[in-house]
Amino acid sequence: MLTYVLRRILLALPVLVGVSALSFSLLHFVPGDPVDIMLGDQASAADKTLLRKELGLDRPFTTQMAGFFTGLVQLDLGKSLGSRRPVAEEIAERIPATFELTFVAMIIALSVGIPLGVLAAVFRGTIVERGAMLFGLIGMSTPGFWLGPMLILFFAIKLDWLPVSERGGFEHAILPALTLSLGLAAILTQVTRASMLEVVREDFINVARAKGAGPTRLWFKHALSNAMMPIITIIGLQFGALLTGTVIVETIFDWPGVGTLLFQSIQQRNYPLVQGCVLFIAFTYVAVNLITDLAYAAANPKVRLS
Amino acid sequence: MKKRRRVSGKFYFGLTLILSMAFLGIFASAISSYSPTAMDLASRYEAPSMSHLFGLDQNGTDVFAQVAYGARISLRVAFTVVFISALIGLFVGSLAGYVGGWVDQITMRFLDMFYAFPGFLLALSLVAVLGPSISNLIFAMCVTGWTGYARLVRGEILHLKQREYVVGAQALGANPIRLIVRHIWPNLLGILVVQMTFGMSGTIITESGLSFLGLGAPPTVPTWGSLLNSGRRILTEAPHVSLFPGLAILILVLGFNLVGDSLRDWLNPRKT
Numbered sequence: 001m002l003t004y005v006l007r008r009i010l011l012a013l014p015v016l017v018g019v020s021a022l023s024f025s026l027l028h029f030v031p032g033d034p035v036d037i038m039l040g041d042q043a044s045a046a047d048k049t050l051l052r053k054e055l056g057l058d059r060p061f062t063t064q065m066a067g068f069f070t071g072l073v074q075l076d077l078g079k080s081l082g083s084r085r086p087v088a089e090e091i092a093e094r095i096p097a098t099f100e101l102t103f104v105a106m107i108i109a110l111s112v113g114i115p116l117g118v119l120a121a122v123f124r125g126t127i128v129e130r131g132a133m134l135f136g137l138i139g140m141s142t143p144g145f146w147l148g149p150m151l152i153l154f155f156a157i158k159l160d161w162l163p164v165s166e167r168g169g170f171e172h173a174i175l176p177a178l179t180l181s182l183g184l185a186a187i188l189t190q191v192t193r194a195s196m197l198e199v200v201r202e203d204f205i206n207v208a209r210a211k212g213a214g215p216t217r218l219w220f221k222h223a224l225s226n227a228m229m230p231i232i233t234i235i236g237l238q239f240g241a242l243l244t245g246t247v248i249v250e251t252i253f254d255w256p257g258v259g260t261l262l263f264q265s266i267q268q269r270n271y272p273l274v275q276g277c278v279l280f281i282a283f284t285y286v287a288v289n290l291i292t293d294l295a296y297a298a299a300n301p302k303v304r305l306s
Numbered sequence: 307m308k309k310r311r312r313v314s315g316k317f318y319f320g321l322t323l324i325l326s327m328a329f330l331g332i333f334a335s336a337i338s339s340y341s342p343t344a345m346d347l348a349s350r351y352e353a354p355s356m357s358h359l360f361g362l363d364q365n366g367t368d369v370f371a372q373v374a375y376g377a378r379i380s381l382r383v384a385f386t387v388v389f390i391s392a393l394i395g396l397f398v399g400s401l402a403g404y405v406g407g408w409v410d411q412i413t414m415r416f417l418d419m420f421y422a423f424p425g426f427l428l429a430l431s432l433v434a435v436l437g438p439s440i441s442n443l444i445f446a447m448c449v450t451g452w453t454g455y456a457r458l459v460r461g462e463i464l465h466l467k468q469r470e471y472v473v474g475a476q477a478l479g480a481n482p483i484r485l486i487v488r489h490i491w492p493n494l495l496g497i498l499v500v501q502m503t504f505g506m507s508g509t510i511i512t513e514s515g516l517s518f519l520g521l522g523a524p525p526t527v528p529t530w531g532s533l534l535n536s537g538r539r540i541l542t543e544a545p546h547v548s549l550f551p552g553l554a555i556l557i558l559v560l561g562f563n564l565v566g567d568s569l570r571d572w573l574n575p576r577k578t
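Protein sequence lines, in the order shown, are assigned to chains A and B. First residue of the first sequence? That's 1 in our numbering, and the numbers climb one at a time after it. First residue of the second sequence? That's 307 in our numbering, and the numbers climb one at a time after it.
There could be a bad hint or two in this list.
Stated by the list, open to error - Far from chain A, by Cβ distances over 10 Å, these chain B residues were calculated:
(1) 348
(2) 350
(3) 415
(4) 431
(5) 542
As the list claims (entries may be wrong) - Which chain A residues stay away from chain B? Per the calculated CB distances, all over 10 Å, these:
(6) 31
(7) 152
(8) 162
(9) 226
Stated by the list, open to error - Cβ-Cβ distance ranges computed for the label pairs, FRET-style:
(10) A:21 with B:356: 56 to 66 Å
(11) A:295 with B:574: 54 to 64 Å
(12) B:337 with A:67: 51 to 61 Å
(13) A:84 with B:464: 21 to 31 Å
The set of hints was computed from the structure by calculation and includes no laboratory data. Beta carbons: idealized from backbone N, C-alpha and C, even for Gly.
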């Protein structure tokens with residue numbers, strides 16, 4: 001297991017370097033002079049030279065890149081343009097809000113998607129399965145930037161049951177987390193159903209049934225635990241969609257997380273902060289996938305031995 | 307298990323949804339008697355009625371006209387992105403899979419890097435620095451989109467090139483390009499079309515999402531995303547401005563998902 005863990009971590013390193021290089025190059029995609037765009041037309045030549053120097057744009061490309069990576073290792077992502085504060089600090093402040101939102105959304109998606117998928121497999125060919133499949137299809141096709149405003153319209157404006165926006169007690173997290181979770185819940189329903197149907201064909205299910213296992217024990221203990229592998233993989237892969245979904249969902253609900261920070265910094269053309277947010281989201285995604293792979297290997301000896 | 311090799315009703319239902327949206331987009335100017343940009347501030351926020359089916363927005367612009375023109379833009383952008391991405395993916399994937407060796411290694415490491423970057427995030431950052439325009443939007447979505455196709459094609463080619471008929475053709479001295487084009491590509495066309503169908507739904511959602519954030523098409527172009535963006539600010543006064551473009555996205559995306567699903571089942575009947 002230890003060799004597998006080490007090998008998997010080593011494999012993640014070049015990916016992190018690649019992801020960082022991609023975020024670094026972003027600034028160089030800006031058409032024209034990024035300094036002109038960031039400071040606007042009214043800026044003095046002295047200010048421009050100063051910013052150019054601070055961003056290292058006056059140095060050769062390779063030196064810039066080396067500087068970026070040296071800073072990255074020390075968690076130094078440069079300074080935010082408006083506030084003059086370190087980018088890493090501004091992002092760090094927003095992390096708890098984003099994690100709270102993704103955590104609640106993940107819990108909702110898991111507690112809706114998996115049971116619904118199991119039910120669809122158990123009641124194969126009945127209205128239950130059709131309903132679950134319909135939920136899966138509609139859920140996958142509903143964009144969050146529409147669902148969010150619709151939920152606000154019904155639950156906050158018409159019914160006045162829940163607060164519209166901003167972070168606060170648990171009731172503040174319900175609508176944004178619901179919006180964020182629908183897509184994942186829908187995919188989990190479909191994957192769980194498919195995986196369960198695959199597993200129930202196996203011989204050990206017949207053995208368990210022959211040995212007198214009751215339906216609950218049969219489906220949840222024997223079938224679901226063996227059907228978990230593809231489900232875990234999908235959760236890891238879809239976590240990226242969940243994280244990037246926060247940009248839209250946080251913007252809709254005025255949620256003070258990394259997503260709104262990214263959106264605001266894009267609007268203010270605060271490129272160092274844009275780079276930092278992009279890097280943070282991408283790194284979190286890589287880390288989550290690493291953890292998923294390790295969990296996968298811990299649960300399945302076949303993976304770590306191959 | 308019962309064998310079935312015909313497409314299901316699901317397919318036709320999905321196709322109907324897509325075609326109705328395509329019809330709306332293509333004949334937008336004939337169907338809607340209003341312009342998608344004309345303003346009439348006196349009757350702004352007006353609720354849906356017989357003369358304005360989907361009501362009016364904050365500028366007094368007809369929402370139905372905007373939804374219809376939005377269908378045109380969404381479909382045009384999605385087709386362009388999916389077609390270009392699939393084409394690039396087909397070539398790169400074929401090269402990596404067929405040649406193998408270090409070409410394959412380098413391509414795969416490159417693809418891994420993209421894979422680690424959530425697609426929406428990369429597209430978002432690209433349009434953020436490039437500036438809002440339709441061509442930048444298409445470019446950003448192609449940059450992130452082709453890798454999925456390349457991965458798929460490479461995997462299929464690795465599998466197909468071991469088949470007897472390919473090995474046989476190779477032994478007979480077939481030109482590799484002819485072999486790929488004539489014998490391998492036709493066999494991966496089905497799976498590629500399925501992926502492209504799902505690609506359509508993904509692209510439509512990404513495009514609308516970016517426009518919703520104000521990063522897609524410029525504000526003067528009526529898109530579903532920008533309509534939803536202005537709609538969410540006036541939810542209390544004019545909920546219809548948010549309701550209809552969202553429904554349009556849902557219908558079109560659902561259509562592509564249904565068609566994709568049933569094509570996949572049709573190609574691979576064992577899996578259902």
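Going down the list of hints, with the structure as the test:
| no. | hint | verdict |
| --- | --- | --- |
| 1 | 348 | 25 Å, holds |
| 2 | 350 | 19 Å, holds |
| 3 | 415 | 7 Å, violated |
| 4 | 431 | 5 Å, violated |
| 5 | 542 | 6 Å, violated |
| 6 | 31 | 6 Å, violated |
| 7 | 152 | 6 Å, violated |
| 8 | 162 | 14 Å, holds |
| 9 | 226 | 18 Å, holds |
| 10 | A:21 with B:356: 56 to 66 Å | 58 Å, holds |
| 11 | A:295 with B:574: 54 to 64 Å | 29 Å, violated |
| 12 | B:337 with A:67: 51 to 61 Å | 57 Å, holds |
| 13 | A:84 with B:464: 21 to 31 Å | 52 Å, violated |
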